[in-house]
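Peer 1: Sequence:
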Amino acid sequence: MFEGRMIDGKVDLNAVAMELMARTAGEGGGALVAFVGFVKGLVEGERVRSLNYEAYEPYASRILDEIAKGYRGRPGVLGVVILHRRGELAPGEPTVYILVAAKDRKTAFAVASEVLERVKREPPIFKLEKREDGEYWIVGDGIRLKRAR
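19 is the number of the first residue of the sequence shown in the working numbering; add one for each residue after it.
Any given hint might turn out to be false.
[What the hints assert, rightly or not] Dumping the calculated DSSO-like pairs for lysine-lysine here, alpha-carbon to alpha-carbon at most 30 Å: (1) Lys148 - Lys124; (2) Lys121 - Lys145; (3) Lys28 - Lys164; (4) Lys164 - Lys87; (5) Lys28 - Lys138; (6) Lys124 - Lys164.
To be clear, the hints were calculated from the coordinates, so they are not data collected in a lab.
Every value quoted in this text rests on a predicted model; they were computed, and no experiment measured them.
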């Protein structure tokens, strides 16, 4: 199971994890790492009202899928699932789900971390953070640029 896509709404993380484990157990799977990113409620001392995710589709989903499928055949990796939400999300709401099934925990953790860094850089996903002190475009991994009005 190697797939990635943009989604609307929340995910039943347990159901996805159980499916991935069931599909990979017969291939020697023994580890599953799940990463869930969520909207921060406080950034730089300011309260966050929401985080809006927009994506250039269908290209963003295609890139996410290519990232996941790119791990097929890597030693020890048995599955990668990437699900990235779009729309306006409140603090505490999940934003991205990354699940990696592997033959061992070391591989699962390393690949999950690598996938996350690629998801932050490669697909055309745009983040607008709405805070008490204004709105900020988030570039890359945390650079904030005040939105011009």
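Peer 1: Decide, hint by hint, whether the structure agrees.
Peer 2: Each hint, compared with the structure:
At roughly 37 Å between alpha-carbon atoms, Lys148 and Lys124 are farther apart than 30 Å, so this suggested pair is violated. For the hint linking Lys121 to Lys145, the alpha-carbon distance of about 34 Å lies beyond 30 Å, and the restraint is violated. Taking the CA atoms of Lys28 and Lys164, the gap is near 28 Å; set against the 30 Å cutoff, the hint holds. About 35 Å separates the Cα atoms of Lys164 and Lys87, which puts this hinted pair outside 30 Å; it is violated.
Between Lys28 and Lys138 the CA atoms are separated by roughly 19 Å; this keeps the pair inside 30 Å, and the hint holds. Distance check on the hinted pair: Lys124 and Lys164 sit about 39 Å apart at the alpha-carbon level, beyond 30 Å; violated.
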